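Please construct the entire structure, taking both the sequences and the accompanying hints into account.
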Amino acid sequence: MNSYSIFKGIVFLFLALAGIPSNLAISVSYAIAIHSGKKIFPTDKIISLISIVNTIMLLTRGIPDTLFIFGVKDLFNSTGCKTIIYLSRLSRAMAIGLTCVLSCLQFATINPPSSKWAAWNARASKYLMSIVLAILVLNLLLCISSVVYSLPGSQYVNLTHNQFIFNLGYCKVFFPTKVEYHGHGLMLLARDVIFVVLMILASTAIIHLLYRHQKQMKKIHSSSSQATMPEMKAAKAVVTLVTLYAIFFGVENTIFLYTMLGNDVNVYLSDVRFLFSILYATVFPFIIIGTNYNVRKHLKCFTRENEADSRSDKDQTATSVSHDLPHLP
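Numbering (the UniProt record's numbering), first residue to last: 1 to 329.
In case anyone wonders, no lab produced these hints; they're calculated from the structure. Since the model is a prediction, treat every value here as computed from it, not as a measurement. Each residue gets a CB set at the ideal place from its N, CA and C atoms; glycine is no exception. Take the hints with a grain of salt, since some may be wrong.
[Said to hold, decoys possible] Simulated restraints on C-beta separations:
no.: 1; residue 1: I289; residue 2: V11; range: 17 to 23 Å
no.: 2; residue 1: N77; residue 2: I6; range: 26 to 32 Å
no.: 3; residue 1: A119; residue 2: K73; range: 55 to 61 Å
no.: 4; residue 1: L189; residue 2: A134; range: 18 to 24 Å
no.: 5; residue 1: L299; residue 2: L17; range: 16 to 22 Å
no.: 6; residue 1: P176; residue 2: A134; range: 27 to 33 Å
no.: 7; residue 1: K178; residue 2: K38; range: 52 to 58 Å
no.: 8; residue 1: P176; residue 2: T204; range: 37 to 43 Å
no.: 9; residue 1: Y211; residue 2: L133; range: 32 to 38 Å
no.: 10; residue 1: L141; residue 2: L269; range: 27 to 33 Å
no.: 11; residue 1: T177; residue 2: G250; range: 24 to 30 Å
If you want it as structure tokens, here you go:
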């Protein structure tokens with residue numbers, strides 16, 4: 001193993017080890033809130049779902065690639081490859097769709113009650129799970145090629161045109177014809193572009209509202225004409241997420257389109273594409289934890305409860321021991 005492979009493996013391992021527990025922490029924080037009977041806003045539900053799909057993506061994309069780099073061969077059989085590739089692509093697709101929903105919801109949320117978007121926000125909140133289910137069904141269908149064309153990495157494929165295959169090392173995704181290869185790629189690219197354009201438009205509108213809100217703060221002090229500070233912070237966090245996603249998406253899909261057009265791509269460029277495909281899943285939880293007060297509050301409550309339980313157990317143990325000691329005459 002050369003020094004570049006070792007460096008690459010360490011980077012991918014770091015991203016997975018940093019991203020998985022951080023995303024799980026967000027999911028746990030909202031699970032605690034629901035268990036405690038606290039109100040969960042629609043944007044909070046979407047953030048929780050994004051953290052779940054990010055965890056799945058890091059487990060199915062980051063971990064297998066890291067293991068393969070460090071020499072663990074024959075990770076999956078045919079069924080395992082179909083499952084791991086399908087979950088990997090589905091989780092990535094859901095991350096894009098849910099981030100789009102989050103940005104649109106956040107835009108509607110920070111609008112004043114008198115805005116025409118307030119009614120849309122109420123309808124979107126009411127049918128939120130239906131929207132998420134529709135995105136899920138769409139992606140379940142679009143990612144089905146992963147089940148049809150995935151093969152174990154060790155399985156030999158007689159290739160006439162090697163540009164019809166995505167070789168991940170531990171698994172391959174082989175398309176038998178040029179039509180299927182390009183049709184599949186363009187279909188997924190079109191889906192991604194639609195979601196990213198929508199989230200960029202929503203984020204641009206959020207920036208405009210934030211700018212207008214800042215100007216109104218100097219003149220108007222009515223609570224009905226301005227969003228609360230937590231909503232402003234949440235809006236800025238969403239804009240940050242969308243900006244990063246647009247950058248990561250741009251790099252990843254530019255390389256993907258370049259590859260799909262039949263151009264030779266060296267290993268370094270392929271690694272850059274893979275890096276940007278999982279980078280968002282690692283960055284996302286740190287931005288949310290750093291900017292979302294509710295998440296931090298839920299995690300602190302969970303930590304305090306665990307510490308209290310631990311102290312209680314110790315006290316009970318000490319009391320039990322003291323009762324068992326013989327009394328001196």
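Evaluated hints:
Taking 17 to 23 Å as the suggested C-beta distance range, the pair I289 and V11 conforms, at roughly 22 Å. Here the CB-CB span from N77 to I6 is close to 28 Å, well matched to the stated 26 to 32 Å. Range check, A119 to K73: about 57 Å between beta-carbon atoms, so the 55 to 61 Å window is met. The hinted window of 18 to 24 Å between L189 and A134 holds, with their beta carbons roughly 20 Å apart.
Judged by the Cβ atoms, the range 16 to 22 Å given for L299 and L17 holds: they are separated by roughly 19 Å. About 31 Å separates the C-beta atoms of P176 and A134, a value consistent with the hinted range of 27 to 33 Å. Our hint of 52 to 58 Å for K178 and K38 holds, since their Cβ atoms are close to 54 Å apart. Take P176 and T204: their Cβ atoms lie about 42 Å apart, and the range 37 to 43 Å holds.
Separation of Y211 from L133 is about 35 Å and conforms to the stated range, judged on CB atoms against 32 to 38 Å. Range check, L141 to L269: Cβ separation about 30 Å, and the 27 to 33 Å hint holds. The beta-carbon spacing between T177 and G250, approximately 29 Å, falls within the hinted interval of 24 to 30 Å.
When each numbered hint is compared with the structure, no violation occurs for any of them.
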